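Fit the two chains together into the complex; they arrive one by one in their own frames, and the hints show the way.
This is what each chain is made of:
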Amino acid sequence: MDRPAEDRRPHAAGDDEAFKLELVQLIPHLRAFARTLCGEPAAADDLAQDAMLKAWDARASFQMGTNMKAWTFMILRNQFYSEKRRSWRQSQLDQEAAERTLVAVDDPEAPVALDELRQGLAMLPPEQREALILVGAGGFAYEEAAEICNCAVGTVKSRVSRARKALHAILEDGAYDRDGRSAGDAMRTILADAQRLSTVR
Amino acid sequence: MIEQRSLGERLTPSAALDEARLRQQAIGVRLRQMFDEVVNEQVPDEFLEILRRADNRSSENG
Numbered sequence: 355m356d357r358p359a360e361d362r363r364p365h366a367a368g369d370d371e372a373f374k375l376e377l378v379q380l381i382p383h384l385r386a387f388a389r390t391l392c393g394e395p396a397a398a399d400d401l402a403q404d405a406m407l408k409a410w411d412a413r414a415s416f417q418m419g420t421n422m423k424a425w426t427f428m429i430l431r432n433q434f435y436s437e438k439r440r441s442w443r444q445s446q447l448d449q450e451a452a453e454r455t456l457v458a459v460d461d462p463e464a465p466v467a468l469d470e471l472r473q474g475l476a477m478l479p480p481e482q483r484e485a486l487i488l489v490g491a492g493g494f495a496y497e498e499a500a501e502i503c504n505c506a507v508g509t510v511k512s513r514v515s516r517a518r519k520a521l522h523a524i525l526e527d528g529a530y531d532r533d534g535r536s537a538g539d540a541m542r543t544i545l546a547d548a549q550r551l552s553t554v555r
Numbered sequence: 002m003i004e005q006r007s008l009g010e011r012l013t014p015s016a017a018l019d020e021a022r023l024r025q026q027a028i029g030v031r032l033r034q035m036f037d038e039v040v041n042e043q044v045p046d047e048f049l050e051i052l053r054r055a056d057n058r059s060s061e062n063g
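As they're listed, the protein sequences go chains A and B. Under this note's numbering, residues 355 to 555 are what the first sequence spells out, in order. Under this note's numbering, residues 2 to 63 are what the second sequence spells out, in order.
No false leads were slipped in.
Sample of chain B residues at the chain A side, in silico, Cβ under 8 angstroms: (1) R31; (2) R33; (3) Q34; (4) M35; (5) V39; (6) V40.
Hint data in this document are derived by calculation from the structure and do not stem from the laboratory. Because the structure is a prediction, the values reported are computed rather than measured. Think of the CB as a built atom: it goes at the ideal place given N, C-alpha and C, for glycine as much as any other residue.
Isolated chain B, as found in the complex (with noise of 0.2 angstroms):
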């Protein structure tokens, strides 16, 4: 494992605990931050030009 020796010398051991459940919940934070700032994002028309040539062509077929 990591060494954490700083951390363990200067903290008890549930303040450590603590400490490293909120990191846990920051990373949670970016992540979800992460991936919605793609979805986001403004979608390129191309996927709804796609999307209507494809229905055009399941009712000319249908």
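Chain A on its own, in the form it takes in the complex (with noise of 0.2 angstroms):
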């Protein structure tokens, strides 16, 4: 994949076809990332949709062997943000989705923990929530996570540290809200994760 500087030559058809499998393999990653942002499945669909398409449009641009996935996750953000400044009450419907989709993914088979920590999540500033997600589960380097949000690598860390620090006070706390639950619950239950995690080493 990787070509050599001076090799490189005008965007070709093979090139579509290697960078559409490329994107393909991406579209679930894209989906995972918008669900974070969104909170609503439906609407994290849409705008995963408008960044698969955007990358795709804008593929003559994408040099091939680099890193597709920091590339179009930076894509997406840039879309969920731009639709959002077009919006005015679009943060009190971020809020109202995310408690929506609080409800829709209660399985009663998940771990209980899960459904805490997506709540957690929510409570978070949108900006370290992004950093948290992305360095955390993305499997981002701080590098890339800065590019991503377009903002100094110490940045991200200190985003990163913070979101951290705070999610585990949340579910330390049991301050998210969910009724008929006694506080720490969530905690106990990632305690006996940590638990687990510590044996197996």
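Take a look at the structure:
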């Protein structure tokens, strides 16, 4: 895939095929990232589809062999924030959507702490949430996350660190709102995991 | 910061530190699990359909 710089040529039909293959493989990741930004699954899929199409239309500007995942995530994120700017009540809608999603995904079979983690995440400032998602779940290096979010590496590091602390505190406190469940349950479930993890090693 | 008296009284500083690290690790595991849950969902046909249409369009034009 990696071509030496002097070998670069205009985008050709064969490149389109290779680009498409790689793009298709990224769709599940784009959907997951969109879901963390939008909350509501249908809106998230719309966003992911828009980003996929934008990436396709911009394929000539993509250098094959470089990080397409980071590139498409950046497109998706820009798309999300430009749509957001257009809508004056979007932040309110986001909050409502997040709450609906939290109910909608409430699978009785799912581990309890997962729902609470979602709810905890929804309470974080958006820039902290996205930094934590990219680094903690998306598998991006701080440098890549900084590129995606268009900010300094140090800024990403501090956002991730603040997000981790805040999330820990939220889960520990049971500050999330879940009726009938006592505070600290989420943390106990998570701790049970931690103990399992530590015995495995 | 958050009051953690019950923890602080029970654990030595280094044990409390270990526990905090363990908790962060566990949150990380859950976070990836949450993300991967969506990654592992089947991609709706709509996505491939949209891409196919865009591809056809561009080969017709170019």
